Structures are given as structure tokens and as C-alpha cells.
Amino acid sequence: MPPAVDDHSAGHVPAPDRVRVVEVDIPSDVNLIERVVELVRRECEEMDFARRQVMLNVPVALTEALSNAILRGNGDDPAKHVHVRALVDPERLVVEVVDEGPGFDLDHAVTDPTAPENLDREDGRGLYLMRKLMDRVERIEVPHGSLVRMTLHRG
Amino acid sequence: MSFSIKKEGEVVVVDVEGQLIVGNRQELKQKVLDELERGEKKFLIDFSQTGYIDSSGLGVLVSLSKKIREQGGELRLANLNDDLKTLFELTKLDTLFQIADTRDRALQSF
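Those protein sequence lines, which keep their order, are chains A and B.
Numbering-wise (the working numbering), the first sequence opens with residue 1 and increments by one.
Numbering-wise (the working numbering), the second sequence opens with residue 1 and increments by one.
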């Protein structure tokens with residue numbers, strides 16, 4: 001039985017009518033990714049984001065960010081946690097994923113997985129997809145961890 | 001999310017139900033490798049019941065494609081919806097795989 005996802009989406013932070021907040025904290029377990037993604041995706045759907053954004057951009061980019069946080073940031077250590085905070089309003093989705101790792105330099109992760117020599121590699125597409133599917137991807141230094149913030153404007 | 005495997009003629013057909021992501025990709029890989037080890041050569045992965053695929057799911061497809069080829073076999077993909085087609089185009093993996101619009105066309109292409 002996987003641990004329960006702690007869902008604060010009912011909004012313990014007061015928010016204006018047209019802003020929805022999803023805030024969850026999960027242990028490092030890749031099997032929890034799909035449930036977190038579903039919470040955020042549902043809010044985007046409620047906010048009338050474009051169908052493709054709901055079916056492709058949001059789930060894939062957020063799966064990549066969570067997977068990076070769990071496997072790389074936290075080294076797949078179940079004692080370490082990943083915190084997710086998503087704000088969805090009629091203009092945009094802003095989702096932040098915080099892990100307990102040292103982080104990685106987004107500017108140095110520039111390998112092009114679509115180059116002919118990389119096409120049959122098994123890895124190296126995660127960050128590329130985050131950047132392609134979101135309007136903005138940033139890494140921000142936080143105490144004792146690393147934060148990745150992704151922004152997608154409603155299509 | 002689950003994978004079902006059945007045989008249609010000489011072709012091993014795998015249906016991907018739900019997502020193909022970091023949490024379950026290894027299960028798909030193992031199921032196909034088990035069939036390959038049994039001597040199967042022709043594989044079709046059908047995505048008609050698939051939601052989304054992440055980079056690790058794409059990585060497993062690339063890996064399986066190589067392993068099947070190394071054993072003298074063939075892999076086809078079928079029934080990618082528009083979103084999945086976009087994903088394959090973004091990563092240029094549409095150039096690496098043989099992708100058919102329907103299961104029947106994929107089966108006929110072997």
C-alpha cells in the first residue's frame with residue numbers, strides 16, 4: 001500500500017476565487033508521481049486550459065520534474081521528500097517542485113536529444129521535454145534543496 | 001496502468017493501458033524482453049489505450065527497439081493519438097520508429 005498523498009488542494013492558503021492552489025508533500029517514491037500529476041492536471045482542466053495542455057504539456061513536464069526531484073535530487077531516498085506547489089489561474093499555471101538535493105545547472109544541461117548522434121540514446125530527454133512543453137523553466141536556490149519552477153500560459 | 005500481451009499470428013502485441021512513465025516502464029521492458037528470450041521476433045506496441053508517455057517511457061521504447069533489432073527482430077508502434085504523435089515529433093523519435101496509424105496496418109507491415 002503506497003503512502004497517502006497529503007493533499008491540501010482544498011486551499012488552506014486563502015486564495016482569490018479564480019486562483020486554485022494545489023500543495024502536496026510526498027516521500028521519494030516514483031509510484032506517487034501519477035497521483036500528484038492528476039491533481040494538478042485536474043485543476044488546469046477546471047480552468048479551461050487547452051486540451052493538449054491538459055493531456056500532454058502539463059502531465060509530461062510535471063512527471064519529468066517530479067522524476068528528476070525524486071531520482072536525482074533526492075537520490076531515490078524515501079526518507080527525503082518532494083514538495084509541490086501549483087498555482088492555477090485563468091492566465092497561467094505556475095508549478096514549483098522542491099527536492100532536498102543540490103540541484104543541477106539548467107544552463108549546462110544543453111545536450112540536444114534530437115541530434116542524430118543522440119537519437120538512439122535511452123536517456124537525456126527529460127529536461128528537453130520540460131523546456132519544450134512549458135513556457136518557462138527556472139531553477140532557484142533554496143535552503144537545503146533545489147526548486148524548479150515551471151510556467152505555462154493558458155492556451 | 002498495465003500492459004497486456006497477446007499473440008496475433010506471429011506477432012507479439014502489447015497494449016499499453018494508462019501511462020508509460022518512470023513508475024512502470026521497467027515492467028514493460030521486462031515483459032517484452034521475456035518474449036524476446038523465448039524466441040519471439042515480431043513485436044507491435046499498441047498505444048490506443050495510452051494516456052501520456054514520459055522521457056523514461058520513451059527511453060524504454062528506444063532500448064527495446066535496439067535489443068529487438070540485435071536479435072534480428074522487428075518492432076512496430078501503432079495507434080498514437082495526436083498528443084503522442086506530437087511527443088514523438090518533438091523528440092524526433094518518429095524518425096526512429098516504424099509507426100502505423102492502426103493495429104491492422106502495423107500487423108500487415110511485417
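A couple of the hints might just be wrong.
[Stated by the list, open to error] Computed list of lysine to aspartate or glutamate pairs in DMTMM-like fashion (alpha-carbon distance at most 25 angstroms, straight line): (1) B:K67 <-> A:D120; (2) A:K80 <-> A:E96; (3) B:K7 <-> B:E17; (4) B:K66 <-> A:D123; (5) A:K132 <-> B:E37; (6) B:K42 <-> B:E74; (7) B:K31 <-> A:D120; (8) B:K85 <-> A:E38; (9) B:K66 <-> A:E38; (10) B:K67 <-> A:E96; (11) B:K85 <-> A:E100; (12) B:K6 <-> B:E70; (13) B:K85 <-> B:E37; (14) B:K41 <-> A:D120; (15) B:K31 <-> B:E74; (16) B:K41 <-> B:D82; (17) B:K85 <-> A:E117; (18) B:K67 <-> B:E37; (19) A:K132 <-> A:E122; (20) B:K41 <-> B:D83; (21) B:K31 <-> A:D123; (22) B:K67 <-> B:E17; (23) B:K66 <-> B:E89; (24) B:K92 <-> A:E96; (25) B:K29 <-> A:E96.
[Unchecked claim] Over 10 angstroms on every C-beta distance to chain A, these chain B residues come out as not near it, computed from the model: (26) S4; (27) K7; (28) E8; (29) D34; (30) G39; (31) E40; (32) G51; (33) V60; (34) D82; (35) D83; (36) L107; (37) Q108.
Simulated from the structure, these hints should not be mistaken for lab results.
For clarity, every value in this text was computed on a predicted model and none was experimentally measured.
Backbone N, C-alpha and C fix where the C-beta goes; we use that ideal spot for every residue, glycine too.
For each hint, the structure was consulted:
no.	hint	verdict
1	B:K67 <-> A:D120	holds, 12 angstroms
2	A:K80 <-> A:E96	holds, 17 angstroms
3	B:K7 <-> B:E17	holds, 17 angstroms
4	B:K66 <-> A:D123	holds, 14 angstroms
5	A:K132 <-> B:E37	violated, 37 angstroms
6	B:K42 <-> B:E74	holds, 5 angstroms
7	B:K31 <-> A:D120	holds, 21 angstroms
8	B:K85 <-> A:E38	holds, 21 angstroms
9	B:K66 <-> A:E38	violated, 32 angstroms
10	B:K67 <-> A:E96	violated, 37 angstroms
11	B:K85 <-> A:E100	violated, 35 angstroms
12	B:K6 <-> B:E70	holds, 22 angstroms
13	B:K85 <-> B:E37	violated, 30 angstroms
14	B:K41 <-> A:D120	holds, 20 angstroms
15	B:K31 <-> B:E74	holds, 16 angstroms
16	B:K41 <-> B:D82	violated, 28 angstroms
17	B:K85 <-> A:E117	holds, 22 angstroms
18	B:K67 <-> B:E37	holds, 11 angstroms
19	A:K132 <-> A:E122	holds, 18 angstroms
20	B:K41 <-> B:D83	violated, 29 angstroms
21	B:K31 <-> A:D123	holds, 20 angstroms
22	B:K67 <-> B:E17	holds, 23 angstroms
23	B:K66 <-> B:E89	holds, 19 angstroms
24	B:K92 <-> A:E96	violated, 28 angstroms
25	B:K29 <-> A:E96	violated, 31 angstroms
26	S4	holds, 19 angstroms
27	K7	holds, 27 angstroms
28	E8	holds, 27 angstroms
29	D34	holds, 19 angstroms
30	G39	holds, 24 angstroms
31	E40	holds, 22 angstroms
32	G51	violated, 7 angstroms
33	V60	violated, 7 angstroms
34	D82	violated, 8 angstroms
35	D83	violated, 4 angstroms
36	L107	holds, 25 angstroms
37	Q108	holds, 26 angstroms
Figure legend: structure checked against the earlier numbered hints; hints not met, in rising order: 5, 9, 10, 11, 13, 16, 20, 24, 25, 32, 33, 34 and 35.
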